[in-house]
Amino acid sequence: MNILAPDSRLWATAGRLAELGQGAGARIPGFGAAALDGAVVGRLPVAALHEIHAAADDAASGAAFALLLAVHALDDGRPILWVRERKSTRALGHIHAPGLAELGVAPARLIHVEADDAVATLRVAADAARCAGLGAVVIEPWGDPPALDLTATRRLMLATQASGVMGVLLRIEARASPSAAQSRWQVRAAPSLALEAEAPGLPAFDVCLLRQRGGIAGIEARLEWNRDEAQFRAQGAGAPLSGAVFPLAADRTAAHPSTA
Amino acid sequence: MRIAACCPAAAALGLAPDMMLADARARVPDLIGVAHAPYADHEWLEALADGCGRYTPAVALDPPDGLVLDIAGCTHPFGGERALGVEIEARLARRGILVRWACGETPDAARALSRFQTAAAPDEDAAIRRLPVAALELDDEATTALGRAGLKTVGDLAARPLAMIAARFGGAAVTRIRRILGEEESPLIPRVIAPPMRAERRFAEPVARTDFALEVLGELAGEAMNALAQAGEGGRRFEARFFRSDGQVLRLAIETGQPSRDVKVILRLFRERIDSLADPIDPGFGFDLIRLDVAVAEPLGASQLKLEGGAVAEVEVAVLIDRLSTRLGRGRVRRFVPRDTHIPEQAELLLPAAEAAKPAAWPEPEAGEPPLRPIHLFDPPQPIDHVVSDTPDGPPLRFRWRRTLHEVARMEGPERIAPEWWRRREGANAKGGLTRDYYRIEDVRGRRFWIFRHGLYDEVEQPGWYVHGLFA
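Going line by line, the protein sequences match chains U and E. Terminal number for the first sequence in this note's numbering: 489, no gaps in between. Terminal number for the second sequence in this note's numbering: 554, no gaps in between.
Simulated from the structure, these hints should not be mistaken for laboratory data. Among the hints, erroneous ones may be present.
As the list claims (entries may be wrong) - Not the full set, but computed from the structure, chain E residues with beta-carbon under 8 Å of chain U:
hint, residue
1, ARG107
2, VAL110
3, GLU398
4, ARG412
5, VAL415
6, ARG416
7, PHE418
8, ALA435
9, ALA438
10, PRO445
11, PRO447
12, ARG492
13, MET493
14, PRO496
15, GLU497
16, TYR548
From the three backbone atoms N, C-alpha and C, an ideal C-beta is built for every residue, glycine too.
Chain E on its own, in the form it takes in the complex:
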């Protein structure tokens, strides 16, 4: 086990990343080790990026521990680039996070300056040229080679003809140099795509009352709906963000099955979402920014709003499905979708009802036949024992299930369902997967079971018997 990162106190004691944990423990016996959780770290970084949404919409992640913000045109509320940087540092320091920050003309320059700048410089260009070659983040071999060749800073490297550098270290190194120096464009890929509609309110005095915050959300919803109406669209996914003054962001997202411009419906869905939160909304010291985004919008013409007869019923059912999906979760409100397989437990899928249903055809049963499939299916099938039959591979005459003995009065079968060999890797030569012989059984009392024997007698020594389902 290796050390992934260590705190300044540990670094002062001589520990460094990539050291073996055992060696580190030998040097510092009372070392506290915490498991490295890269996914949790990434989520933490994403939460920070969310919080930086208050400064600029274009925030890019620079994993594992960096963020790049495009602050072009966003600095005036804060009084300049420097003031913005200081404010970010102070705000994160309140949450116990140490920050190194720097501004640059291009994203790569800013990154390199924030990570590697050690000495002060009169201006940005000079600062970049004074960066060590490690700021180019080439592999170790290349960096050592550059050091041995006497090229210690980026400025030294930039003075050399770039063709030579390309010949020795490859085109990637040259691209990096040019990007850091600002000679080549390096686009910033922001994490959040600017949503089509956005309405927000900033407060000079943070809002500490949740009910007032929700009223504000109602007003923002009205504004957003007006904007949607002008664009002839309806929203399908709405996200409300409440930015607390201490940096935390509360995010609520709802979605609807059909595009909607109805403020009452949307607010009702938000209320359902708030009711289903594990903890009530905690404003802390107050919200200083409340924002509503329409993340997904679709065309919704005025003609679609003119409803009569069956269309009204459909819309009402869709609204009900949205409400229940928001309250219980999308996976709890579902519709059946057929699948083309003869394995019974796989013959259907339950998909969220909030998604538009594709018309699908269910297999039609034959006229004049009784039901051949049960209404209730057990997952997994329930084992039965004490099965008595007159021939070894014949149908059961008597069986015991859930501690009750059932005497068979009527029986139909076997219906043989074999495993689907075409889905297995070896194809027709596949081994494994037992054939099932299904029987429709009715006992003396009138209860009807769907029972199968798992495996033929030449496939398996002792085939098991199971109840798979119950008929009406």
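Extracted from the complex, chain U is given alone in its bound form:
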């Protein structure tokens, strides 16, 4: 019997062990882009801290992707708490509730917290990450605060794993620093597919999975968000691909987890 055959018991056990090693619980569903889904499906736990980087020019895209990632990952309508530092609101603009509704996110789900500085923002984030009644907490500090170091991200990671809340750390115009987050993404605005008469189409993002704990990284994809189906998909794809692509190469990496 070939022990590496997909239907062997060893294979199934290895899959289950890999899942246990990554932590039990729900996973973020696929995005509908083949290369990205191969690396991500079944691997990214919802109850963890995910980091999203965006340049100041792409701040709106970064913020939207952060929120939509949370909405995409949570299957029920649990509330989402968004804590922003005051400098972010001044520099980037207010969150506009009709805009949230246009993206398919119910504005009534959002709890908007404004904190004075980075330390206060992280304190609020720590408290919110421990509140099991929330679905997700989006943390938006400004720039590169010294308080946001490895210890702070590790505390957030532990809190989210214990409570089941999804943590999304949105960093606009920030340098990449050591972080205990489960995954790190880079988001840029991408040209959309035009509708008739050259009108801008569905929101499109160029996302790059920069780092993933215990998984491969460096995958890029161009995604667009379909509000009516509340799903991501590859730009231009008619129907979203099912997430049941069996990632052979990725499993071998999980057996030997790389130090991320």
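Fit chain E to the known structure of chain U by using the hints.
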């Protein structure tokens, strides 16, 4: 500018209220003048009234500089009315405040005696009758008329038939006389309404350690919760007062979104409130009275405490919102509420999350359409320049924002948003308020903007262009 009040030294030099400041300066060149701040004075008076809470719960303000206390049944800890008065005088004198006080059967009598009594009298009734007619506080004309008629004291006036006085000076004067004499009821409207639940501790030796004071607060919270449990209620607003031995009162107030009987939750909120104080708690020479009031209570049945599933999650979120609101302020933890207007920057309200949310419906977007409203909105809209378009009232082809030139690749518009004429006073004939033409613009790089031209070409000479928001 007139003088509102002057100190005894100034009065001795011949200055009086209502004198012109210039005249006063002419008489006393080195006069020190301080701006009259009526609101600050009122707050000071309220602080004094708070401090008098240690004597009686029924304290009324008698602006601008008086307090009326209802001490019925409150004098025994102090050994009688006189002793209470002397103690108040001594305590306020330690803070540099001069007090004139008097006791009376009715609030009006006490007021009049404290303000106008000049001569000693054998008993209260006689004292009232010896008060000058100015104690009735009628207008100047009436007082002068009374003086000219030979009626100098309240006793003289009371001896006359009241019908005549009513005919000459009006019914109000008669009411005042009767109230001062105690023939008519004049209720005292206390400033502080007695709260439903109160727990307090008095200390013979003032407590100077803050941590012990907080332990006592914990015990008081336990007592208050037991009282609430017996009444089947939960508290929504809790006020802790720490009375210092030198007269100052420290007040801490917290509130919760849902009625609560949980001692740990309340104490945690108090700790958050203490952490957010600008200065740490200063006991001074010590606290001699610590009091916890449940200012607002609501029914909380035992069935509401039985939770499963979704209800647990809601309660946890409510507790988190309370904690964050106490720490950061109610206005920092907010939820979105829709407003029925098509002006974009007014289409939403952010209201404190601690208040119960009324279910409100957000407008549903049309299926199959891309997002028509941006996720980030600038307040105020950011001006852009160097706008190039092929026709004067057409969409921009190129524009410059934040020193970067953007080349337009895709565009949809215009969406015309006109000012709401029905909200203006002149209605349909209102002038002013410019029409905005909004365009959804995508540049070559893929960034999507919401840009508007402020004013039509027949409304304004040079309409300005602005970026109002950014799309995903």
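*Which numbered hints does this structure break?*
1, 2, 4, 9, 14, 15 and 16
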